[in-house]
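Undergrad: What follows is the residue order along each chain.
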Amino acid sequence: MKTCLRLAAGGILALLVIAPAYANEKAEPDPAQSQYWGPIRQIMFADRVINPDTRDVIRVYLNLRADDASTVPVVVKAQIDQTEKEYIKSIYVIVERNPSPVAGVFHFTPGSGRAQVETRLRFEDFSFVRAVAEMNDGRLYMSQRWVKAAGGCSAPNGKKLAESLLGKMKLRFDDDMITYHKPNLVQLLIRHPNESPLAANFVEGQVPQFVRSVKVTFDGKPVMKAEVDFSLSDNPNFRFFFTPEEKGELKIEVEDTHDRKFSHSINISEGVPLPGG
Amino acid sequence: MHAPITIFSAVAMACLAAATAAPVFAAGTQSVENFEVTEIAPGNFVHYGSFDERSADNLGDNANIGFIVGDHCVLAVDAGGSLPVGRALRQAIRRVTPLPVCYVVLTHVHPDHFFGAAAFLDDQPQFIAHENYPAQLAARSRSYLNSLQRDLGAAAAGSEIVQPTRLIKKPLELDLGGRTVIVQAWPPAHTDDDLTVFDAPTRTLWLSDLLFVGHTPVIDGTITGFLAVMKDLRAIAADQYVPGHGRSNLPWPQPLDAQQRYFTVILDETRAAIRSRKTIQQATDEVGLSETGYWVSFDLFHRRNVTSAYAELEWE
Chain A
1 MKTCLRLAAG
11 GILALLVIAP
21 AYANEKAEPD
31 PAQSQYWGPI
41 RQIMFADRVI
51 NPDTRDVIRV
61 YLNLRADDAS
71 TVPVVVKAQI
81 DQTEKEYIKS
91 IYVIVERNPS
101 PVAGVFHFTP
111 GSGRAQVETR
121 LRFEDFSFVR
131 AVAEMNDGRL
141 YMSQRWVKAA
151 GGCSAPNGKK
161 LAESLLGKMK
171 LRFDDDMITY
181 HKPNLVQLLI
191 RHPNESPLAA
201 NFVEGQVPQF
211 VRSVKVTFDG
221 KPVMKAEVDF
231 SLSDNPNFRF
241 FFTPEEKGEL
251 KIEVEDTHDR
261 KFSHSINISE
271 GVPLPGG
Chain B
1 MHAPITIFSA
11 VAMACLAAAT
21 AAPVFAAGTQ
31 SVENFEVTEI
41 APGNFVHYGS
51 FDERSADNLG
61 DNANIGFIVG
71 DHCVLAVDAG
81 GSLPVGRALR
91 QAIRRVTPLP
101 VCYVVLTHVH
111 PDHFFGAAAF
121 LDDQPQFIAH
131 ENYPAQLAAR
141 SRSYLNSLQR
151 DLGAAAAGSE
161 IVQPTRLIKK
171 PLELDLGGRT
181 VIVQAWPPAH
191 TDDDLTVFDA
201 PTRTLWLSDL
211 LFVGHTPVID
221 GTITGFLAVM
231 KDLRAIAADQ
241 YVPGHGRSNL
251 PWPQPLDAQQ
261 RYFTVILDET
271 RAAIRSRKTI
281 QQATDEVGLS
291 ETGYWVSFDL
301 FHRRNVTSAY
311 AELEWE
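Those protein sequence lines, which keep their order, are chains A and B.
Position one of the first sequence corresponds to residue 1 (the working numbering), numbered consecutively onward.
Position one of the second sequence corresponds to residue 1 (the working numbering), numbered consecutively onward.
Here chain A stands alone, though its shape is the one from the complex (with noise of 0.2 Å):
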């Protein structure tokens, strides 16, 4: 087995294991047991403990069997309410067999109104997906699913993207009106090939291009910020809410490892049909 940990200077958690060449398992492992976990839990939190009682604070969901390894939509979703006294901070989704585990980190604040969200994965191999949970106090919460699908992280999107689209972003709306208020659904899409560095002819001194960050804010307030890595498919996607008090624009800022600059914005206002269909 060869493996390689690191932890980038900068504060993001840029850690690659490389798997042994061939994990066998067909059945699910136990979560406890298993020995990905342990070097890359040790990494991002140390001897913090996790789970520090029984309480249901997140979930995972995904197929057990992945239709498609490049794109597996995860959902993690909390169970508590986000409320000023006690909400959740930051949410990690780690796939824990993939070369760079760590597929994203997502901050949350008490006026995201849930702490939800959705994305698209690629799996390198059979692997846990795990999600932890941050408080605002600092506990951590942690769940995890087993999904089947292998090759994700190599195998690249057919399709090449003009340079002109690049960047290029679009926001679909869950229903056909904002409602002031109340959490609201929004989908994220942005054109971007986000590169694996397995799925190309690696050439040294190449960097990879992948979407490192989005943050998305309305009229200058946080909604969700997320440092995200090439464990997101091809073209990144995120779907998460947001709760408006009055009408305001919705930014989205995305940078990517080539340090390029990307952002879209709508204006958003009672009676104006969003866009989503």
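Treat the hints with care, since some could be wrong.
[As the list claims (entries may be wrong)] If you want a taste of the chain A side facing chain B, the calculated C-beta under 10 Å gives, among others:
| id | residue |
| --- | --- |
| 1 | Y61 |
| 2 | R65 |
| 3 | A66 |
| 4 | V72 |
| 5 | P73 |
| 6 | K168 |
| 7 | K170 |
| 8 | D174 |
| 9 | D175 |
| 10 | D176 |
| 11 | R191 |
| 12 | S196 |
| 13 | S233 |
| 14 | N237 |
| 15 | R239 |
Bear in mind the hints are in silico, worked out from the structure with no lab data behind them.
Quantities reported herein were computed from a predicted structural model and do not represent experimental measurements.
Glycine is no exception: its CB is placed at the ideal position from the N, C-alpha and C atoms.
Given chain A, work out where chain B should sit, using these hints.
TA: Frame of chain A, contents of chain B only:
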């Protein structure tokens, strides 16, 4: 907020370089029993692969492969899903002719078609592939070798990655001696590196996975591209044809109809799902259920096709 790219990528490259060294297997001794070929047109020999999931029992003999025999040369269309299958194909060629194998056409980057190619290395043929093939092969080879090992175990031994030696983007005419064969590269459809082979004297069209008969068609490229390419395929005047999977007695181009119906159902229903604001999960649960029962391995591939179609069509 912004990660230190240079450090990240340096770590990534160091680790990945270590990981990309391909495993080396000792060539195994397993052989494919009762490997049959059928001469569907003079000089055109087809071996029909099994619909069963790849296993140590069938040794990855899952795709339709074959060869065309000229007066001077043999051209192989794909090599099957493992070294034993490639060897069986080579032996089948030797039962027919002692002529050299001058060309092996790698019709696209899927392992059920290419893993037998190592059986032809000693013949030193030209290995012909689409210009997009090498990038896809580089990207996928590690995981393909992994999953071959997972499915075949010891029988995966010797099934190496063989690099193409000649890349094409335009139709290529090859003279096998007394017969001209045209190898054609297509825009993205089933994959982004699909080739067809057309044997001019018998008007036999080898479609590989641009045509599935009976087996669930697979989209690993683009659904709209696949439909567009099928329109062009229809216009080819062929007397015989070889699908990538399955077989049929219908006259050309009728065998394209079922596949076209299937893709059209997915296309229409996925577009409708997107318009009515359904998620990708809802779409995969609901789209194309009317096609259940018409296709083998529907459970394995259909939802994946819808996933791929959704991710493509949500940008329209």
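Undergrad: Checking hints one by one. Is A/R191 an interface residue toward chain B, by the C-beta closer than 10 Å rule?
TA: holds, 7 Å
Undergrad: A/D175 was flagged as interface toward chain B. Is the shortest Cβ-Cβ separation under 10 Å?
TA: With a closest approach of 8 Å, the A/D175 hint holds.
Undergrad: Interface hint check: A/N237, Cβ to nearest Cβ on chain B, cutoff 10 Å. Holds or violated?
TA: holds, 8 Å
Undergrad: Per the CB criterion, is A/R239 less than 10 Å away from chain B?
TA: holds, 7 Å
Undergrad: Was the hint right that A/R65 lines chain B, CB cutoff 10 Å?
TA: Since the shortest Cβ distance to chain B is 9 Å, the answer is holds.
Undergrad: Holds or violated: is the Cβ of A/S233 closer than 10 Å to a Cβ in chain B?
TA: Since the shortest Cβ distance to chain B is 7 Å, the answer is holds.
Undergrad: Mind checking the CB of A/K170 against every CB in chain B and telling me if the closest is under 10 Å?
TA: holds, 7 Å
Undergrad: Let me know if the C-beta of A/D176 comes in closer than 10 Å to any C-beta of chain B, holds or violated.
TA: holds, 9 Å
Undergrad: Using the nearest Cβ pair, does A/P73 come within less than 10 Å of chain B?
TA: holds, 5 Å
Undergrad: Taking the least C-beta to C-beta distance, is A/V72 closer than 10 Å to chain B?
TA: holds, 8 Å
Undergrad: Less than 10 Å between beta-carbons is the criterion; does A/K168 satisfy it with respect to chain B?
TA: holds, 9 Å
Undergrad: Is the interface hint satisfied for A/A66? The criterion is a beta-carbon contact with chain B at less than 10 Å.
TA: Holds: closest Cβ of chain B sits about 8 Å from A/A66, inside 10 Å.
The structure meets every hint from the earlier list without exception.
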